[in-house]
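The primary structure of each chain is shown beneath.
There are 2 protein chains.
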Amino acid sequence: MSTKEKLVSRAVELFNENGIEYVGMRELAADLNMRVGNVTYYFPTKDDLVMEIISQLRDLNSKTIGPDCSSIIDFLSMYKQVFHNQYQYRCLLLSFVHLVSRHPLFAGNYFATEAKRREALRSHLASMVKNNYLSTSLIGDKVELVVSHITLISRFWLSEARISYVNWTTEQTIAHYLNLLSDILLPYATDEGKKQVDNFRKELGGDLPKTWK
Amino acid sequence: MSTKEKLVSRAVELFNENGIEYVGMRELAADLNMRVGNVTYYFPTKDDLVMEIISQLRDLNSKTIGPDCSSIIDFLSMYKQVFHNQYQYRCLLLSFVHLVSRHPLFAGNYFATEAKRREALRSHLASMVKNNYLSTSLIGDKVELVVSHITLISRFWLSEARISYVNWTTEQTIAHYLNLLSDILLPYATDEGKKQVDNFRKELGGDLPKTWK
DNA sequence: AAATAAATTAGGACATTGTCCTAATTTAGC
DNA sequence: GCTAAATTAGGACAATGTCCTAATTTATTT
Chain A
1 MSTKEKLVSR AVELFNENGI EYVGMRELAA DLNMRVGNVT YYFPTKDDLV
51 MEIISQLRDL NSKTIGPDCS SIIDFLSMYK QVFHNQYQYR CLLLSFVHLV
101 SRHPLFAGNY FATEAKRREA LRSHLASMVK NNYLSTSLIG DKVELVVSHI
151 TLISRFWLSE ARISYVNWTT EQTIAHYLNL LSDILLPYAT DEGKKQVDNF
201 RKELGGDLPK TWK
Chain B
1 MSTKEKLVSR AVELFNENGI EYVGMRELAA DLNMRVGNVT YYFPTKDDLV
51 MEIISQLRDL NSKTIGPDCS SIIDFLSMYK QVFHNQYQYR CLLLSFVHLV
101 SRHPLFAGNY FATEAKRREA LRSHLASMVK NNYLSTSLIG DKVELVVSHI
151 TLISRFWLSE ARISYVNWTT EQTIAHYLNL LSDILLPYAT DEGKKQVDNF
201 RKELGGDLPK TWK
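Which chain is which? The protein sequence lines are A and B, in order.
Residue numbers are given in the working numbering: position 166 of the first sequence equals residue 166, and the series is strictly consecutive.
Residue numbers are given in the working numbering: position 191 of the second sequence equals residue 191, and the series is strictly consecutive.
There's no promise every hint is true.
In the DMTMM-like style, the derived pairs of lysine to aspartate or glutamate whose C-alpha atoms are separated by at most 20 Å in a straight line are [said to hold, decoys possible]:
| # | chain 1 | residue 1 | chain 2 | residue 2 |
| --- | --- | --- | --- | --- |
| 1 | B | K194 | A | D141 |
| 2 | A | K4 | A | E52 |
| 3 | A | K202 | B | E144 |
| 4 | B | K210 | A | E119 |
| 5 | A | K80 | A | D141 |
| 6 | B | K210 | A | E144 |
| 7 | A | K142 | B | E144 |
| 8 | A | K210 | B | E119 |
| 9 | B | K210 | A | D141 |
| 10 | B | K194 | A | D183 |
| 11 | B | K142 | A | E52 |
No lab work stands behind these hints, which were simulated from the structure alone.
Between the sequences and the hints, there should be enough to build the whole structure, so can you do that?
Right under this line is the structure:
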């Protein structure tokens, strides 16, 4: 593993643990028995380092989000993997708003992939309708509403979990938000679709957090 | 207006414009023709200042979120006001995750009010069921799912809008997320409830963003 | 193998940040 | 008008990201 790779790899770990803005360049360097100047040689600014990490997550999700999504089970399983990817790079999701709203480079990068993701989501929904798992009434504005729900959940579940469900395990948390996702599809699910949602939820069952106090 | 009040008032403005972490204590002081030492006299740490702003929003929302919520219209109108309150203190919502996950004081404060809000939400839903606007099938785990959807939306709509819908007006943005909110209730709405949702959406209609490109 | 060029590492300097401390100044109370 | 409190000003501190230059290591060429 090259120095640059070690740098990124350890940065992700430390950023995940303590948050991007709470891990200094010197701290990262010291952790790897390096000096600051050495880090800035590979990544002149901290944003450059973050940008590298962003690309890694984007690539990972691009592999996960395929074009085909014939059933609800496929769809939810795919998002399960997306959630795990995001957890692996949770530092990004937890700082995304600040990163994007400040840095034009982040913003441009984000807009491009976001538009693609939204379009992919539409196509997934359409194919679930075609395969008779979702009702044909899911058209027009209703599609956009479902898409909006799903993007909101998949973008902020980690943030909410961080502040509201701190004592949950990762598996519990992911199960909870997958449950929410399935809940968004449910109103449009056909009988066959409902069966799939039920099956998926049964698999979730063991992980779902029990108590609401 | 006392010096302290002027300080808080201007801080909210600057924080809203540029983000809490991007407005320095010296910048705030200079804006009011003061010096840093003078600011720290009233607020020894920046977190103290933020905490004061947090209390203001909490008080404002406490006034808005009443115990009675007999109809869906009432419910959605109430949340419309909540959204406007949040917009008024948007700097907080945009930095909440970092604030809460770092500072134990914020966290404790947040947990207490959050539990109350969630409980209030359950009671609102129950009263809408009682008044026959929502189906009696809305019980148990389903209530918790609806509550989870609503809390997610009302906590992160501003964050998402900041990064995804930057070109929308405030009214458009709020209309969009109120639409999402109503969409969560819709599957459980009775015929009478559906009428209310329709009416509410008609009022929204003019503000709702048109294009999804 | 030696010399030269390139890549990498180290270390210090800079402006900026939040925070703290002390002295100066203003205000209020008697 | 004097004393004490409240307020304001100003400097100092450690820590941050960033930048720049010198030292050192590694690779390439002669």
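Quick rundown of the hints versus the structure:
For the given pair, K194 of chain B sits about 17 Å from D141 of chain A by alpha-carbon distance, which is consistent with the 20 Å threshold. Annotation: proposed proximity of K4 of chain A to E52 of chain A holds, straight-line Cα distance about 10 Å (limit 20 Å). The straight-line distance between the Cα atoms of K202 of chain A and E144 of chain B is roughly 17 Å, inside the 20 Å bound, and the hint therefore holds. Restraint check: the Cα-Cα separation between K210 of chain B and E119 of chain A comes to about 17 Å, which is no more than 20 Å; the hinted pair holds.
Among the hinted pairs, K80 of chain A with D141 of chain A is inconsistent with the structure: their alpha-carbon atoms are about 26 Å apart, more than 20 Å. For the proposed pair K210 of chain B and E144 of chain A, the alpha carbon gap of about 11 Å is at most 20 Å, so the pair holds. A distance of roughly 23 Å separates the Cα atoms of K142 of chain A and E144 of chain B; the hinted pair therefore is violated under the 20 Å criterion. Distance restraint check for K210 of chain A and E119 of chain B: the Cα-Cα separation of roughly 17 Å lies within the 20 Å cut-off, and the hinted pair is therefore satisfied.
Note on K210 of chain B and D141 of chain A: the hinted pairing holds, with a Cα-Cα distance of about 10 Å set against a maximum of 20 Å. Of the pairs offered as hints, the one joining K194 of chain B and D183 of chain A holds, with about 19 Å between alpha carbons and a cut-off of 20 Å not exceeded. A distance of roughly 41 Å separates the Cα atoms of K142 of chain B and E52 of chain A; the hinted pair therefore is violated under the 20 Å criterion.
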